[in-house]
Amino acid sequence: MSLDAVLVVASALFSVGLYGAISQQVVVMVMMGLELMINGVILAAAGFWWFMAPEPTGQVLLLVVIAAMTVEMAMGFAVATVLHRSRSVDMTDMAADLSR
Amino acid sequence: MLDVVAFWVLGIVAVVSGAFVFVVDSMARATYALALSFVAVGAALLLMDLQYVGLITVLMMVMEMAVMAVYMVMFMGMNPALMPMSMVHDNRKALAAAAATFVLLAGGALLVPWPTRRGAPSGDVTAALGEAIMGSKMLVMMTISPVMVATIVAGIVLAAPRGRYDRLGDDLRRRPADDPQPGGVGR
Amino acid sequence: MAAEVRALLPEVLLLLGGLVALVGGSFLPRQRQWVARLVVVAALLGAAAVALVDLLGPAGAAFSGAYAVDGATGAARIVVAAATLLVIGLGVDELAGGRQESETYALLLFSALGAVLLAGADDLLVLAVGFLLASIPLYALIGSARTPAAAEAVMKTYLLGALFGITMLLGVTVLYGVAGDTLYAVLATRLGDAPRAAVAFGLVAVFAGLMFKAGGVPAHFWVPDAAQGAGTTAAAFLTTVPKVGAVVAAYRLVDAMPATVDASLLVGLLAVASMTLGNLAAFAQTDPRRLLGWSTVSQVGYLLVPVAVAGRSDLALPAMLLYLSAYSVTNLAAFAVVAALPERRDLASWAGLAGSRPWLAGALVVSLLGLLGTPPTAVFVGKLTVATAAWDGGAAWLAVAVLLNTLLSLFYYLRWVVPVYRGGEPVERTARGAFSPRPWAAGAAVTAALASVVLGLASGAVWTLLDVPLIR
Amino acid sequence: MLSLIVFLPLAAAAVLAAATQLPDRVARWAWLGVTAVELVLVVLAWAAYSTPAPGALALEEQVQWIPGIGSSYHVGVDGLSLPLVALTNVVFAACAVYALREQNRPRVQAALFCFLQSVSLGLFVSADLILFFLFFDLSIVGMYFVIAGWGHGNAARSAVKFFLYTFLGSLALLLGFIGLYVASDPHTFDMVALAADPPLAGSGAVGALVLGAVLLGLAVKTPTVPFHTWLPPAHTDAPAVGSAVLAAVLLKVGTYGFVRIGMPMLPDAWRSWAGVLVVVGVVSVLYGAMVALAQTDLKRMIAYTSVNHMGYVVLAVGAAGVVAGSDAEARAVAVTGAVTQMVSHGLITGALFLLAGVLQDRAGTYDMGAYGGLAAPAPRFATLFAVGAFASLGLPGFSGFIAELQVFAGGIAAVPLTALALPGILVTAALFLRAIRRLLTGPTAGHSTGFADLRPAETWSVAPLLLLALVIGVLPRPLLDVIEPASAAVVDLVGR
Amino acid sequence: MSPALAGAALWLLVMLPAAVGVALALGGRRLDRAAAPVSVLTAGSGLVLAVVVAFARPEVSVPFVAGSPFSLAVDALSAVVVPTVAAVTLLVLVFATGDVRDAPARFHGLMLLFASAVAVTATATTWPTLLLAWEVMGATSYALVGFWWRDDDRVAAGGTAFVTTRAADLGLYLAVGAALAGGAGLAIADAPAASPGWRHALAAGVLVAALGKAAQLPFSFWLSRAMAGPSPVSALLHSAAMVAMGGYLLLRAQPLLAATGWAATTAAWAGALTALVLGAVAAAQRDLKQLLAASTSAQLGFVVLGAGVGAVAGGTAHLVAHAATKALLFLAAGAWLTALGTKSLPALTGVARRWPVAGAAASVGALSLAGVAPLALWATKDEVLAAALKTSPALYVVGLAAAALSAAYAAKVLVLVWRREPAGVEKAWDDEQAGTRHIGWVETGPLLVLAAGAAVLGVLALPPVGDALRSALGEESAPTATLLELAGSALLALVVLAAVMRWGTPEPGWATSWLGLGRVTDAVAVRPVLRLAETLARFDDRVLDRGVDDTATATAAAAARLARVDDARVDGLVTAVARRTRRLGELAQRPQTGQLHEYYLQAAAVLAVGVLLLLVVR
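Chains as they are written, first to last, in numbering that gives the first Met the number 0: chain A, 0 to 99; chain B, 0 to 186; chain C, 0 to 471; chain D, 0 to 495; chain E, 0 to 617.
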């Protein structure tokens with residue numbers, strides 16, 4: 000186990016999440032992609048904490064990341080609901096009236 | 000040595016199950032895959048002496064995935080187990096972007112001459128965290144609470160189809176409340 | 000602890016005001032939610048007053064250096080409070096008696112609090128949390144219009160916000176990793192020896208998050224959509240208040256960056272991209288709100304110019320703060336005019352306004368020419384000092400870009416002014432009854448337009464107030 | 000004193016704009032009253048004026064404005080600006096008289112013109128670059144509304160074009176100002192300080208670039224070839240009083256900027272740009288005259304003669320920058336001629352544009368071919384137009400001659416090349432004679448039949464302007480006594 | 000007389016006609032009744048004042064422009080010329096009270112204004128003063144030639160006169176600049192002291208201006224067209240005053256011309272050739288006024304020749320004598336024109352018999368013009384020619400030939416007007432205007448006075464008056480005409496006179512049409528200029544105006560290709576600019592697709608570029 004290994008895995012998680020966020024049409028699936036990206040961030044933060052700066056700040060950072068993930072997801076559900084309710088769609092492509 | 004093996008196993012599990020999120024053909028399975036990925040990362044955190052945070056990660060994610068499953072059934076009218084789906088656009092570009100991002104990030108991770116470790120973890124990591132929260136990083140945690148409040152309010156404002164005036168009348172005096180499904184507060 | 004609370008009294012007032020409005024509002028009958036409005040207004044006035052007192056007092060840091068209570072924060076507090084007041088003023092007609100009036104006030108205050116925290120953050124973690132606090136109420140504000148367009152706008156805003164939030168967290172993580180801490184004071188001393196690539200990556204990632212809040216390239220996509228799709232109150236708020244926090248935060252961040260990365264160049268390029276893209280994209284808009292949305296994108300570009308020369312010119316910080324206040328009041332004046340006539344969603348339908356409602360037309364012209372940077376409105380002084388600071392900081396090309404873009408922007412601002420003042424309109428378009436503006440919004444428009452001119456004329460005094468060093 | 004002169008019309012504008020119930024008649028006369036008071040004030044100011052020391056200003060007032068960036072409310076006059084201040088008030092008074100017949104929203108028009116008057120006066124008395132720019136931009140805005148609101152033909156388009164073009168100029172100017180500020184030490188926008196201690200001395204390229212930006216801005220406003228194309232449509236579609244103000248006052252801002260900003264503050268760069276300026280001046284003179292000669296539309300023709308007349312100014316100030324091989328006296332003569340030309344062109348062209356407005360009023364067209372033999376039905380119009388035309392072509396006895404004689408005398412003495420512009424005088428003469436022939440003489444034809452002669456308001460707005468041109472032409476000393484010390488000072492500054 | 004009083008007289012001489020003239024000219028029809036008496040009174044006072052200043056020789060000066068004063072002075076030269084002009088003015092105005100009946104206020108006003116300008120020209124001692132008066136003369140001549148403004152061609156003729164002379168006047172502007180640069184100051188008398196380079200420019204400018212005003216070659220044609228004006232105008236402007244001032248300026252500037260080495264020679268040859276060629280032109284004319292006009296050019300040629308060869312006294316004498324002679328002839332032509340409505344020579348056959356007094360007066364003028372002894376022009380011309388002979392025999396020969404031509408055209412007129420009226424000549428009358436068939440005493444009186452002048456003014460060139468004039472002008476040692484020359488030229492005149500009476504004069508086309516100079520000028524200068532003007536105007540509209548947009552276009556072009564937008568043709572300027580910028584705007588809107596995932600992609604790309612940028616740029 001080394002910092003490089005942790006970061007490579009974190010990068011992989013982040014990239015996979017990014018792929019999902021870009022490629023998925025359904026809002027909830029996009030959110031899953033975003034969650035995976037956060038997953039990568041969490042792993043990277045832990046790696047940095049352990050291998051480079053094992054101070055409490057790093058843990059607080061992890062807490063903030065997790066809190067962010069939680070509240071973002073909560074908002075995501077609300078947004079998906081609102082979208083579903085007022086437009087009866089759940090896909091990003093179908094809500095593209097506002098453009099140019 | 001053991002932790003190296005463990006880490007790689009967990010890492011591979013996390014990445015593969017993460018990839019599965021977008022491979023499986025139903026949302027429910029995707030949810031499970033995502034949960035697995037988080038659990039694997041949570042476990043990896045434990046390897047790095049982050050017991051508290053690791054645990055929290057696992058717990059939070061499992062809960063969240065449960066919520067997600069429920070949400071999909073309730074609001075989207077999907078049967079998660081049964082509905083196969085593949086709703087993808089611009090797959091090629093997305094793959095390219097992801098690959099490029101991976102090259103950039105992993106390349107950076109491998110090529111950057113990371114500095115050596117500053118200091119060592121204090122004896123009780125969790126206690127140190129507690130002190131930080133109540134001390135130097137108090138403002139951060141203090142701010143998280145209004146964030147939570149705001150999230151709740153915002154979620155309700157966005158998602159609730161009916162407000163108090165719909166239920167209790169404009170003067171809030173209607174009893175019982177006018178609910179499509181009788182029950183709950185204000186009956 | 001008490002000292003810290005005192006230091007953050009404006010923030011505390013905002014929080015309390017929001018909570019009181021939220022909780023109290025749930026017990027208020029629909030037609031008496033103005034009580035909640037009074038509470039909120041009192042909280043905002045209180046926050047602004049305290050902030051002004053603090054601004055005149057000595058600067059200092061709170062929470063072990065995680066939060067700066069200096070001129071920049073003070074200015075941000077006052078501007079945010081004043082802007083939120085104006086937003087409430089222009090939104091009264093739209094919100095009063097609504098089903099979620101008190102909640103809306105609470106959300107406005109929470110988001111405003113988030114913006115202030117962004118501005119004062121001297122710690123990446125506080126910055127990240129402030130980002131969340133500023134963003135989340137915004138989603139609700141956008142979506143609460145409950146129209147299909149609003150739903151689409153909130154979806155895009157949210158998804159972009161989530162992505163850039165993650166980017167920001169990643170950047171914070173990397174910077175923490177190489178510096179070992181998240182305090183700016185520590186970053187400034189340690190990053191110089193850190194690996195360049197990591198610092199560059201962290202900077203770009205964190206800055207990207209701030210660009211989402213500011214609505215600048217590359218995270219500007221949501222701004223025109225939200226401005227068009229959301230209710231007028233929300234549109235006015237989201238194009239103004241979060242920017243205040245984000246720009247000040249960007250300034251602090253760039254100021255803390257080491258010389259090993261050329262942050263100036265990056266920010267300068269993003270600034271030019273923002274102003275140019277915003278101006279060009281605004282050309283063909285026919286919906287005044289979308290036009291204003293794009294206009295705010297370009298304004299962020301101008302606002303980023305002093306950020307690009309942060310620390311290189313003494314003029315940069317006061318110029319930026321002055322521009323921020325000027326921009327806020329002027330932009331809100333324009334939105335207030337839109338709020339006064341919300342059903343006019345096409346520039347052509349504004350023909351004859353000058354004859355029918357000269358005061359409102361006057362406010363519109365002052366605000367549009369103000370946004371353009373015509374003296375003596377405040378934005379002129381802002382633009383002038385910003386361009387001067389750029390040149391003074393060794394980036395004369397940025398000054399040229401600012402002025403060229405100003406010329407570009409003239410096209411679309413004039414496209415709005417021309418029908419309003421075109422002669423020879425038929426009487427039925429210029430009769431008094433042809434336009435029936437909403438009273439509060441019209442009042443807010445005239446007030447804000449006047450304030451824009453007064454601020455411009457009084458910019459000397461304001462400048463003196465703002466010309467204070469940054470606390471790290 | 001100066002502040003009163005500058006802001007009195009502004010206050011009047013505010014009152015006029017706010018008093019929506021004011022009867023039109025009252026508004027018209029109120030405007031005239033304000034301009035009359037302004038005339039009295041400027042006469043008092045002229046009486047109180049005594050030539051300041053070189054580089055200093057008289058009747059100075061200074062109040063802190065934005066001390067943080069070295070900008071203040073600083074006003075004052077010297078021999079370069081005082082004549083223009085007086086000119087502004089005269090022209091606006093003439094416009095107020097002319098507009099006594101205005102039927103189209105006279106109250107708003109009065110307010111707008113009072114505003115424009117304030118702004119124009121402010122421009123000429125500013126001793127601070129930011130203040131100058133403030134008034135500069137506001138003048139564009141005010142003029143835009145005049146053209147768009149009271150113009151005819153394709154007014155909206157011409158107004159936008161005017162706005163865009165001159166706004167471009169103003170931005171270039173602002174860029175130059177910022178350059179001056181950044182280069183000055185201590186940083187300041189104060190004109191007097193910048194002239195006393197010119198920044199960028201010996202800086203070579205930077206100074207040349209800064210002056211280039213300033214010159215671009217001023218050249219658009221002046222306008223010189225090739226930046227003049229906004230002028231003809233703006234004039235053609237503007238109302239008569241708007242054209243008069245635009246030509247008589249606002250064009251002067253550009254040329255005034257040359258002597259007030261360019262020459263004293265960037266002497267080094269000015270000397271290196273002088274050759275370009277001379278060439279641009281010569282080309283403007285010839286080109287403006289030639290293109291005017293080909294016009295059939297009276298207003299366009301007068302507009303192009305403005306290009307020609309302003310060309311003389313550019314030529315003179317350019318020649319004043321060629322220090323080598325010429326003596327200071329000749330250069331001072333050229334600059335004096337340039338300033339005189341500003342005043343002269345203001346009076347004469349203002350009068351001509353007011354007269355052209357009469358054509359639009361009576362028959363709705365400026366096409367000279369549509370008239371003929373106007374002298375028979377409209378002798379007063381014919382007399383005044385002929386006098387104006389001869390004044391404009393530089394006939395001795397009128398101010399234009401005093402100006403052009405000095406421009407050429409000084410110009411040729413400093414830079415013999417400027418003699419190339421001499422045919423400009425000739426072509427101007429030819430084109431005005433052609434205009435007289437087409438409009439006034441020959442058998443009465445076309446729209447001339449039944450053409451009503453000048454009404455008193457029209458006569459009494461045009462005649463005083465021409466009378467002043469005549470007075471200056473016959474007795475130039477009072478004016479020249481004011482201008483000459485200032486131009487000598489400017490030439491000294493450039494020669495540093 | 001005290002200097003102050005004399006100075007006041009000089010001021011009055013200049014100001015009085017100017018003020019009265021402006022008042023009359025601008026006063027309009029209301030002043031018509033008072034115009035003639037006021038005007039004659041003013042001109043009378045002018046004559047008195049002119050005589051006064053001629054003796055008192057005052058100098059006055061006030062500050063003026065360019066560091067040079069507005070200053071007037073009467074010296075020996077102007078002491079001769081100023082009273083002459085004043086006298087002719089008075090006589091012409093008296094004549095005009097009978098001759099010019101419509102809009103007399105405007106007519107007399109302009110004439111007085113003109114007289115004032117001539118007075119200033121004659122007495123000016125600085126270049127700006129001279130230029131001022133010089134240009135006013137031109138402008139008033141325009142207004143006077145185009146006096147009957149309802150006739151388009153008369154106004155056009157005035158325009159031609161003004162523009163042509165002004166083209167030459169540019170020389171004076173150049174001269175002022177050269178004088179300032181030359182370091183000798185702006186006083187006319189100081190001009191020879193200018194630094195060498197500038198002295199040449201100064202002389203060239205003065206020469207061109209004077210040749211133009213004096214209708215010398217190649218500018219002569221304007222005088223032909225100027226004949227469209229009323230006859231009194233021709234009598235004053237085209238004999239005694241404006242045209243003569245061209246010659247006068249050269250006489251005054253003679254030291255300058257001499258100082259350059261080439262200018263004097265040029266002037267001499269220009270004068271001699273004009274005298275010769277325009278003499279031929281005059282002999283070929285069939286229109287009395289045209290003949291007189293060509294003759295004016297030719298006679299002024301002698302004056303110019305005089306200035307060129309240094310015979311200032313001779314030139315002055317010729318100028319004065321010619322003024323009287325030609326004014327007389329023009330007035331006579333005018334009287335006949337008014338009476339018979341024609342100025343065509345065939346139609347005027349026998350007119351002297353019809354009105355013998357006027358005819359006799361005119362004959363005196365014609366004989367003087369012919370150089371018949373002892374009339375005025377006989378002696379004055381020989382005085383000039385004597386100096387020419389000393390300079391160059393060739394010049395003398397040319398001058399003598401020109402003198403012979405003078406005799407020829409004078410004879411042509413004489414023969415015609417005294418011939419018996421052929422039957423049916425009435426049919427040729429009234430081709431210009433309706434004749435009154437009447438010549439009154441108001442018209443005849445001035446003719447007689449002028450005839451007297453034309454008869455006796457030759458004394459200016461003969462001892463003892465001639466010697467006095469020469470010494471006053473400081474030319475005691477200059478060559479003067481010998482008895483042989485005088486007799487020879489008188490004989491020559493008589494021979495030519497006889498020959499013409501016997502054989503008539505040839506009328507070659509080139510001469511009738513004034514060498515086609517007008518057409519040549521039209522083709523070489525006027526039309527190309529107009530065409531250039533139109534081309535430039537089109538250029539201005541189509542290229543420059545559009546260039547504004549094209550700057551925007553150019554930047555847009557590259558982008559537009561990217562956007563696969565058609566490059567539609569440009570028409571209007573602002574619309575084009577707006578459209579181009581709008582196209583740029585459309586381009587800028589393209590990223591805003593409304594598709595969220597595309598936003599993600601773009602954002603990711605920009606961030607990646609940002610990182611790479613920071614890595615690359617150090």
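Derived from the structure by calculation, the hints contain no laboratory data.
Here the structure is a predicted model, which is why all the values come from computation and not from measurement.
From the three backbone atoms N, C-alpha and C, an ideal C-beta is built for every residue, glycine too.
Heads up, a few of these hints could be off.
[As the list claims (entries may be wrong)] Chain A stretches covered by chain B per the calculated footprint, using a threshold of three residues with CB under 8 angstroms from any CB of chain B:
{"id": "1", "segment": "25-34"}
{"id": "2", "segment": "38-48"}
{"id": "3", "segment": "59-66"}
{"id": "4", "segment": "78-90"}
[Claimed, not checked] Okay, the calculated bits of chain D under chain E, using three or more residues with CB under 8 angstroms as the criterion:
{"id": "5", "segment": "181-193"}
{"id": "6", "segment": "392-399"}
[Said to hold, decoys possible] Partial chain B-side listing against chain C, Cβ under 7 angstroms, derived:
{"id": "7", "residue": "A5"}
{"id": "8", "residue": "W7"}
{"id": "9", "residue": "V87"}
{"id": "10", "residue": "V111"}
{"id": "11", "residue": "T115"}
{"id": "12", "residue": "G129"}
{"id": "13", "residue": "S135"}
{"id": "14", "residue": "I143"}
{"id": "15", "residue": "S144"}
{"id": "16", "residue": "V146"}
{"id": "17", "residue": "L157"}
{"id": "18", "residue": "A158"}
{"id": "19", "residue": "P175"}
{"id": "20", "residue": "D178"}
Against chain C, with CB atoms and a cut of 7 angstroms, does the hint on S135 (chain B) hold up?
holds (4 angstroms)
A5 (chain B) was flagged as interface toward chain C. Is the shortest Cβ-Cβ separation under 7 angstroms?
This hint is violated: A5 (chain B) lies away from chain C, its Cβ roughly 22 angstroms from the closest one there, beyond 7 angstroms.
Using 7 angstroms as the Cβ threshold, decide whether D178 (chain B) counts as touching chain C.
Constraint on D178 (chain B) not satisfied, violated at 16 angstroms.
Per-residue hint verdict: V146 (chain B), partner chain C, C-beta under 7 angstroms
holds (5 angstroms)
Just to be careful: measuring from the Cβ of I143 (chain B) to every Cβ in chain C, is the smallest value less than 7 angstroms?
Holds, because the Cβ-Cβ distance from I143 (chain B) to chain C comes to roughly 6 angstroms (cut-off 7 angstroms).
Are at least 3 residues of the segment 59-66 of chain A within less than 8 angstroms of chain B when you compare beta carbons?
holds (count 6)
Go through the hint on A158 (chain B) and say holds or violated, using the shortest Cβ distance to chain C against 7 angstroms.
violated (9 angstroms)
Quick check on the hint: S144 (chain B) CB to chain C CB, less than 7 angstroms?
Not OK, violated: S144 (chain B) not within 7 angstroms of chain C, min 9 angstroms.
Hint validation: L157 (chain B) versus chain C, beta carbon distance must be below 7 angstroms. Holds or violated?
This hint holds: L157 (chain B) lies near chain C, its Cβ roughly 5 angstroms from the closest one there, short of 7 angstroms.
Double-check V111 (chain B) for me: the hint is only fine if its C-beta lies closer than 7 angstroms to a C-beta in chain C.
holds (5 angstroms)
Given a cut of 7 angstroms on the nearest C-beta pair, is the interface hint for T115 (chain B) held or broken against chain C?
Cβ of T115 (chain B) sits 11 angstroms from chain C, so the hint is violated.
Three or more residues of the segment 25-34 of chain A near chain B by CB distance under 8 angstroms?
holds (count 6)
The structure is inconsistent with the numbered hints 5, 7, 8, 9, 11, 12, 15, 18, 19, 20, although it conforms to all the rest.
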